[in-house]
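Could you build the full structure based on these sequences and the hints that come with them?
Here's the letter readout for the chains.
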Amino acid sequence: MSESTGARRDEYALETRGVTKRFGGVTAVDELSISIPRTGMTAIIGPNGSGKSTLINLLSGMLPLDGGAIVVDGVGLRMIRAHEIPGLGITRTFQDVRLFDQISVWDNIMVVLTERRLLPALLQRTLARHRERTRAILESVGMWEKRDSLAMDLSYGQRKLLEMGRALAMDVHTYLFDEPFAGLFPQMLERVKTLLRRMREDGRAIIFVSHNMDLVRELADHLIVLDSGQLLVEGDVEEVLSRPEVIEAYLGV
Amino acid sequence: MKAEAGGRPRPAWDPRRLLSGVRGNLELWANLIILTWAVAFAVWQGTGFAIGLGTVFAIWGILSVSLNLVVGYTGLLSVGHIGFFGIGAYAVAVLTSTQDYELLRTGAVPTYEWPFFAALVVGVGLAGLAALVVGVVFNRFRDDIFVLVSFGFAIIAFNSFLNLRGVTRGAFGIHEVARPQIGPWVFDEEFDFLVLALVCLLLVSLVSWLIVTSSFGRVLTTIREDERTAEVFGYRVTHYKLAVWVISAMMAALAGGLFGSWTRFVDPNSFILLESILLVCIVILGGLASIWGSLLGALAFVLLEEGLRFLPFVPDVHVGQARQMTLGLMLVLLMLFRPQGLLGRYKL
Amino acid sequence: MRLRSSRTFWSGDRRGRLLAAALVTAVIAYVGWKIGESPSQALQFGFNGLSVGAIYALLAMGFTIVYSTVWFFDLYYGASAAIGAYGVFYLRSKDALSGLHSVHNAYVNVLFASVVAGVVAWILYETLYRRLSHRYNREVLLAAGGIVSAAAGCYTLAVLHYTENLNVVLSPAVGCAAALATAWLVFKGLERVVGGAGRRIVVGVAAVMGLAVGAFAALYVVGEPGTRLYLSWVLSCLLAGVVGLALYRGLYAHMRERARSPLVMLVATLGILLAISAAIVLVFGSPARPLPDVFGSQPREIWGGTIKDFNLFTVGVAIVAFLGLLFLLKRTSLGRAIRAIGDDEEVSKVVGINTTVVISIVFFIGAVYAALAGVLSGHDTAIQPRMGLLLLLKGWIASVVGGIGNLYGAAIGGLALGMVEQFGIWDLAGEWRDVISFVLLILFLSFWPRGLLPRR
Chain A
17 MSESTGARRD EYALETRGVT KRFGGVTAVD ELSISIPRTG MTAIIGPNGS
67 GKSTLINLLS GMLPLDGGAI VVDGVGLRMI RAHEIPGLGI TRTFQDVRLF
117 DQISVWDNIM VVLTERRLLP ALLQRTLARH RERTRAILES VGMWEKRDSL
167 AMDLSYGQRK LLEMGRALAM DVHTYLFDEP FAGLFPQMLE RVKTLLRRMR
217 EDGRAIIFVS HNMDLVRELA DHLIVLDSGQ LLVEGDVEEV LSRPEVIEAY
267 LGV
Chain B
17 MKAEAGGRPR PAWDPRRLLS GVRGNLELWA NLIILTWAVA FAVWQGTGFA
67 IGLGTVFAIW GILSVSLNLV VGYTGLLSVG HIGFFGIGAY AVAVLTSTQD
117 YELLRTGAVP TYEWPFFAAL VVGVGLAGLA ALVVGVVFNR FRDDIFVLVS
167 FGFAIIAFNS FLNLRGVTRG AFGIHEVARP QIGPWVFDEE FDFLVLALVC
217 LLLVSLVSWL IVTSSFGRVL TTIREDERTA EVFGYRVTHY KLAVWVISAM
267 MAALAGGLFG SWTRFVDPNS FILLESILLV CIVILGGLAS IWGSLLGALA
317 FVLLEEGLRF LPFVPDVHVG QARQMTLGLM LVLLMLFRPQ GLLGRYKL
Chain C
215 MRLRSSRTFW SGDRRGRLLA AALVTAVIAY VGWKIGESPS QALQFGFNGL
265 SVGAIYALLA MGFTIVYSTV WFFDLYYGAS AAIGAYGVFY LRSKDALSGL
315 HSVHNAYVNV LFASVVAGVV AWILYETLYR RLSHRYNREV LLAAGGIVSA
365 AAGCYTLAVL HYTENLNVVL SPAVGCAAAL ATAWLVFKGL ERVVGGAGRR
415 IVVGVAAVMG LAVGAFAALY VVGEPGTRLY LSWVLSCLLA GVVGLALYRG
465 LYAHMRERAR SPLVMLVATL GILLAISAAI VLVFGSPARP LPDVFGSQPR
515 EIWGGTIKDF NLFTVGVAIV AFLGLLFLLK RTSLGRAIRA IGDDEEVSKV
565 VGINTTVVIS IVFFIGAVYA ALAGVLSGHD TAIQPRMGLL LLLKGWIASV
615 VGGIGNLYGA AIGGLALGMV EQFGIWDLAG EWRDVISFVL LILFLSFWPR
665 GLLPRR
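Sequences listed follow chains A, B and C, in order. Residue numbering for the first sequence follows my numbering, starting at 17 and increasing by one per position. Residue numbering for the second sequence follows my numbering, starting at 17 and increasing by one per position. Residue numbering for the third sequence follows my numbering, starting at 215 and increasing by one per position.
There could be a bad hint or two in this list.
Where chain B lies over chain C, by a calculated footprint (3+ residues, C-beta under 8 Å) [what the hints assert, rightly or not]:
| no. | region |
| --- | --- |
| 1 | 483 to 494 |
| 2 | 608 to 622 |
| 3 | 635 to 646 |
In case anyone wonders, no lab produced these hints; they're calculated from the structure. This structure is a prediction, so every number in the text was calculated from the model and none was measured. Even for Gly, the Cβ is constructed at its ideal location relative to N, Cα and C.
Take a look at the structure:
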């Protein structure tokens, strides 16, 4: 699963070209074209219902595209199926934390490390390298002591961290985080921020959706502002946030 | 368990520690009671009885272990498992039967007179094939709709057994199903058959254990928890579901082949929907996502029937009904207080 | 939880639709060809389909109203159908079947009577005791309640004992019910016309008319032995309904609070179905039993096809049941409450709807509909303990085919299922009926996962 970060020559980790998604009569994402840089953190902000989560779902193949294409590695894709996205170097977390509830914390991490192909998976037992990696991941998110409890028994913050750890374990290039900071205690928040910074230093592309402007200012390098499914502004964080239309439309100051 | 005030925990064999561990430990109690019950019964009724009971247990055990792969580990509540059981039984019956004892001819029915094991292999393969077809169609259904269509599979299978008279001889059933034979050694004695059935049960349990402890098994549990998320992490969920479905069906067909050969007579009434529902009861009762639980559930189920037979106020003809009633009420109680079953690891 | 169907396996939506269109065309062509081949026979199959479909539609309506309120399938309805049919058998076997296979025995009667007494006592306690306990002496209240419940029990015992004279025994109850209903209707009607002014007169008129109608009804029931049949229907449907209601209040309500998924409820109701079917076999034995013929067995001829009067009656009952439920859901405040709970139970609770009572009523209605279907199908063919499971599955299929949670869908789905079954066995042999309906279900779910008329 590992992608060597230097191998790609492309400037962008992900691009969308005129991506459209309709739900019944409502257009959630409307001819959206954005580009996400190869490295650093990109924040997506926008009011409720502006299509942020839909965009994440489209990028991760959980919803089929109604129009347009997603460009990964310079290849335009009109259809992404969910199980193909690790192969494209993408992984994600969910706004409503989606763990595998009734299996252990340990297995929640293990499962993303092991064999994908069916027959080899049938014969594969746990390998030492998977165990070590799971241990490393669990320690980095501070869940090593909880490894044997069921994911459903964790607190909300712990679940959020575990989900992030699961994404980390995927070891891909592009990470989509849907509201990674929502509902976290300050201590947990610090931990998440540290994790994200470390990932940025590793040269990954991180895309996150957030409502917390302070955190966006603090962490993001690049900012995308959505409004009713369309791109409002895109660019450098400070520059975008000082634009009058953003202040008017979103910050409401 | 709390350590003593002195700090050093008591050793595991300390009777006080054992006792406090036993109290309130439902899993341990279930194990103890059912196993004691089984041993007591065997001792009381003698070996002949134990041998017959053991064979029935082995067949139900294979069925429930295989169904647990689908219901407990993958989270697909299938009520149609009896269909694959029937395919196995009928394949063995049709292929091994000699027409000698056919009293009521239903027309020219071909006989093949194959040896048992060859027929068994064909039966298992046929069930796998059928499961593949059914699985491709059923793969898109989930939750209560899956339950409904699996009911449908059981009904379709039963009606096929009943009405495809050219193959199955319909309601007359097939007599003189062959007993297993390896070279000159025919498994004619009940004891021999018991050994064979138990060996099959052991094999099936072992294979199931290997499956659920492999990476594949872990993926199954994630599919049960959240199919879409498992997909985002790169698993082709439909293929995994199909694979476990086929494996489980083949195990059920193995049980079916043994059953047909053991009773030496196969007719559609052994494969009615009710049996399938009872099988689901066993799996839930024994414990979802627990192989040992399924074995224990099958044991309890077999013992329950025999146990009810000895109750003074239950006449013999009503034993089946009494058992059905007990299981039904037990299902309700379990859903109220323990939705994972006795030894379960997965709460429905 | 609502119906979710993953479209992962067959991702081509358009291909699915094309296939579906081809399928529909094929079915229409087949039916058209059949009608062309022999119109009168086609009409005959149509009639059969209609009468079978009416029963399925009844079941599907019961399913739908419950499913769209609490979002799980209540498999008790299989047992409810069997309870209804066997209730009629119990009440009628001494009389119409001249004691054939009769299972009357005093223990069963006493058991039932004490259950009824207990239920009455419980209802009185729940509804009246708390309200009256600070106004009256507690002992007096308890004694009065006890007497009333004991009287109800004794009355039940009398009804069960003298089933051959059902009309005589039940006539006071029928009279009272008719009187109350008339009085209430007259009161409501007059009050709307007169307004608050002549309240006393309104009450007087209502009371007099109620008494008159009640007395007439009681006398009529006594004089007409033919009413025994209908009384037995009402009684057994009521019984099945009350059992359904009691199951909800006593069991499902608690279970729903802690259930993680609708599957828990499904499995629990499956357990109940198993237990009740086993109990029925224990009491009545497993062989099939007849129910007496209604309206004679001579079929009536209409445009070259024949149909029994009873089947016409079945269709009529289904239509009335459908219209009644439609009226209830669309025009009454109870119906609005039911729909609100279906949309969001928590919000309805906050808004001030007494969800427990409303859902209890829904369960009662559903169980009564299922029981009615059981009774009608029992009269049409025969009754056997296993009929419940099969009827249940057919009703379930019909509600899914029609579109879960949609009343029109339930009616159309039931009818469609009956028709497809009947036209399907034109060329195939009759024993493939059940297979046909399940194949229809699987085809439907594959191509139209949301059914003919989706809820929204």
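**Request:** Hints the structure violates: just list their numbers, smallest first.
**Result:** none
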